[in-house]
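Undergrad: For the protein sequence lines, the chains are A, B and C, in the order given. Take the first sequence: its letter number 28 is residue 28 in our numbering, and every next letter is one higher. Take the second sequence: its letter number 73 is residue 73 in our numbering, and every next letter is one higher. Take the third sequence: its letter number 397 is residue 397 in our numbering, and every next letter is one higher.
There could be a bad hint or two in this list.
[To be verified] Each computed DSSO-like pair below joins lysine-lysine, with the alpha-carbon atoms no more than 30 Å apart:
no., chain 1, residue 1, chain 2, residue 2
1, C, 71, B, 358
2, B, 140, A, 342
3, C, 21, B, 255
4, A, 337, B, 358
5, A, 339, B, 254
6, C, 418, B, 254
7, C, 374, B, 358
8, A, 337, B, 254
9, B, 254, C, 364
10, B, 140, A, 339
11, C, 71, B, 255
12, B, 254, C, 374
13, C, 21, B, 358
14, B, 254, A, 342
15, B, 140, A, 337
16, B, 358, C, 375
17, C, 418, B, 255
18, B, 255, A, 342
Read the hints as simulated data drawn from the structure, not as lab findings. As the structure is a prediction and not an experimental result, all values here were calculated from the model.
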Amino acid sequence: MKILRYATMLVFILASIRIITGASDLTSTGTASAALLLSVPIVLAALGGLFSERAGVVNIGLEGMMIMGAWAGGYIGSQHGPWAGLFGAVVFGSLGALVHAIATVTFGVDHVVSGVAINIIAAGLVRYLSTLLYQGGSWPGPSQSPGIETISLNGLPILSGGQYFGWKSPDLLGFIANLNWFFISDFAAIVRGLTGDVSYVTIVAISFVPLAYFILWRTAFGLRLRSAGEAPTAAESLGVNVYAMKYAGVLISGGLAGLGGGFLAIVAASNYQENQVAGRGYIGLAALLFGNYRPGGLLAGAGLFGFADALQLRDSTAIHALLLFIVVILAFVAFRKFKAAKHVSAALSLGSAAFTLWFYFAVDELPGQLVTMTPYIATILVMALASQRLRMPAADGMPYRRGGLR
Amino acid sequence: MSNLLTRKLSPSKVGLAIAAPLAAAIFSLVVSSIAVIVSKKSPVEAFKTMWEYGTEAGSLMEIINTATPYYIAAIAIAVTFRAGLFNIGVEGQLRLGALFSCYIGAMFVLPPVLHVAAVFIVAMTFGGLWAAIAAYLKVKRGVNEVISTIMLNSLAGGLSAYLLSKHFALIEEGSNNLQTKQLPASAQVPDLMPLLRKLGVQDQPGGGVYGMFFVAVALGFIFWFVVNRTRFGFELRASGLNPIAARVSGVNSKKMTFIALVISGAIAGLSGLPEVLGQTHSYNLGFRAGIGFSAIAVALLGRNSAGGMAISALLFGFLEVSSRSLELIDIAPETYVIMQGSILLSSVVAYEVVRRFKLTLQSNELAKVVQA
Amino acid sequence: MSVAVELRHISKRFPGVIANKDVSLKVETGTVHALVGENGAGKSTVMKILYGMQRPDSGEILVNGQVVNFKTPNDAIDAGIGMVHQHFMLADNFTVLENIILGSEPQHGGTIDFTSARKKVVEMAEQYGLDIDPDVLVEELGVGQRQRVEILKVLFRGARILIFDEPTAVLVPQEVDDLFQALEGLRAQGMALIFISHKLDEVLRVADQVTVVRQGSTVAEVKSKDVTARQLAELMVGSELPKPSTLGHTRREEITLSLKGVSVPTTTGSRDLLANISFDLHAGEVIGIAGVEGNGQAELVEAIMGLRDYTGSIQFNGSSIDELSVADRHDLGIGLIPEDRQRQSLMMNSPLWENRILGHQRSKPVMRGFVIDKKATIESTRTIMDEFDVRAPGPDTLAAALSGGNQQKFIVGREMSKAPALLVASHPTRGVDVGAQGAIWDVLRKAREKGMAIVLISADLEELIGMSDRLLVMLRGAITAELDPAKTTPEQLGSAMTGAA
């Protein structure tokens, strides 16, 4: 399987860099765990984008819907427990999506304009609501909710120390990871991170990816939803209710984005804080584009961005070491371009690789403020390198009116 | 002549022109009232308080000062909107513009007007450069400029924080605030009080009107003229209205995309300056955040036209300033966010509805002509 | 034989235009019934009403003797009516199978039952001789194959009454034969087939009955064996048909346009988009480019206008223009009437006077330096509207409010206003009513007399033969034949276009 081959190559490179730089965080269990955790909101946002865009509605407002979800997660979660909080997050995200759907599908407002407006409005709205609650005395601060209970974690039995009915199973992978053997331990550490101490919500969220594939490509509903984004007039002529499909796509996307926001507040953190979402809605969109509007691809993209996100939270030397990783990638890209006779691109990539290498040696430690920028830089880099050959749904972003144009 | 007048100001034309803003205003009044009622207060009292406070001389000056950066940033955004692009990165561009212009501007001394001009140029350069990154990515790699400019916003935030704390700031004794070296007097834009005093306006405790108000007005005129009356402006608009037809008519779309984004960044760079040149005279941690996002709302509300955006900027300024008085009657000042949000949403929808209505109206008119 | 479907006194009005006024139609089972009329006569609207995509303002529809009321296409589909659209309604990114079952998906426990669907489609395809591979993406199919998918779509839903909207518009003669064979098969099975066309010879070949529609109303219902194409044409127009024709030789010495070895290499597929095109065009001459759509005509236009890179050389009035940009070529005096007016040469939501500037934003009278001269532009727009009979309230009218014919007249007028030395006219009368068509031919005729060189690309064989001084046939990106229009019939031209001759 191609995926396994790429994954192995990746781990090999990372393991090598770890040995060279001593940045153990690159392949540690903790990082892998955090990467999984942080990729969930991005996956959810990207899935949200998938449903919306496949139905033909561009949804820039994912960020705003995530914000509403995060806030709702904080508000309801602190009062009624985490699961209720997650449910509330879905509902609030969908409410934001409803506004977007009405504006774009019923009134024909430009999709990007509506999305941007929703982001602005959502940010303001939750700030207003938070202030009210703070003034009312139920919130500790004007921009943060009271704490929320945690949802329990679990892991695979035997391999990753999962707990089942009170029995704590052995932790084989953890054991191997601690042996510090080149590559084998790295591989084990990463797998351990991905399969141990995982929140139930994470499992549910990740399972949405194959579920999305199933719904969109194997059910009548999914076929009709996709037809609304590919050929709405054709769909209408066959009796498909295109408006309903678009609404469905947008509402589902809001629910998913809301869930992602709720996840940030409830699982990744333990309360709601202003600016918690920090652009992850947009990163989710980037993951969707990276994955070329397919579930498998967006999962890979989200994993990539989750990894970048996780690293910056842990050890700044790891980010520093990541520079070497970028050097390797750029060199690889340069090689590919050279083989494809694209000499200018190859030269550019090689030049960037050289510059990054110099930068690595020139700077001992990356300053804190720049380290937090990792996910954003990663997004831009990924989009710049992987942006060609996108296969967008054919009628994505186009205003649709019953009976054809006009 | 009178025929022209009646055609330009016919009841239906005027009606259509105010229909959308009116509908938006009503909608947002209703929503805001609901928000006030939810906090168990009277909407009428709230609006009255806001109006009284907002129309005081001191407040009016503050409103103009608040609106000035919004207006300039909105113009920057409108340049791209008209071309069918979305420069959401204004926030980052103006921040870097302000930071670098303060840092570099404090390095030397020039005669007053020249110094200010130099500061302007630095701000525009850095804003433009930052936007050029997104422009290059879009033109060469097809990267969606919405996402790239938003990422660049966050990057600008981190970059400016880093530069300020590690390189650009002067350490002050006993102060937690980091700031760049004060701009010398020659780089400060004087406020307009002397002029206003001549007009009989009293001095106010909060200070005067930023001198950059004139810059904003001038920019407005330039924007209107260039977009509506020049070839470049026409090609810009054509690229937004029908990119394929624009290309067929001879517009180089890649060049246009690049130029529009860079110009937008340059203008955005200016929008961080009013406060910096008129009041604080340096860039510090307290630099006002969020101008870029409010400006997007202003541009949308003002439909990307010079006049519309001016009114919107003043409206937003009014809401922001006057809502401070709400605290006196125990209402959260953040209510203005609800007002701004509801206006934005309703106007965006209302414009679309009115546009479609206008089209139907014209088709019917056409039918009458054809039958005749 | 019973009456499968009947329309009685159907009327329909749209903002600005009366599409149908008192249209009546009676179609029997096991027959092919043709509906003919000129562009804009109202045929498409009637069919949309029959298919449930539009609702009539008044009148009745009867299916198998029962009055029906269609609110959506679903209702029509349920009643056994299927429409094979002129502009194919297919999702390129879906497979043939997905396109066919969309909206009527067979299910199995919540999921789509692809297996049984595939089986049914393959069976049907064999039964009616409509070969197709169900798992291919539609974007990879050719035109004839796409049409087969459209037909299978309606058959899959159990249609017994099929409507074909201008089905042969984009087919080559061989594909037309295949289609007519399929129609025979369907008729033999007792289906009622409605065939909308303006190609009268084909109509007479395949139809049993013909209904003629003119200006929104039914004007005649005849048996095809009782009538000639000429008579039908006159019924359609109500008077003498305008003929596209050019009189005399107006060709001059100077060579306006010269192409040598112009090629556009392929990026993906098998053959070059343009292969070694060479020809000379003199002033006062019209060169007609014939060919089935997709054989390089669009690329040729783009190469001449500078919208596409090419190898080889193009010379205009003796000097090379290869290095010049699109804008520069406009300035030099090359005008363009593009194929798709709404997409390529109009800003629909802008007033006509702003559209006047499009394509001319570097020349007088529209410009004064780099500033727009609004007064002069509005004046010029008014002049164009008068001279070219563009029916609209004024220069302030939004382009979207005009009918197709008026939009095209405006575009022609706009290009003519700077008196270009070379005009590239790509399908200049497509989708335009007969009146506007005649007017545009007049304009081209007069321009030719004054010395304009014209490259005319069209799918209308009569137009090509009537208006051209020379004819070139393009196939697979290359010029495969040069014909003398005075000695060529439409049939001969059609064969040459497919490489049969």
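Undergrad: Among all the numbered hints in the text so far, which are the ones the structure does not match?
TA: 3, 4, 11
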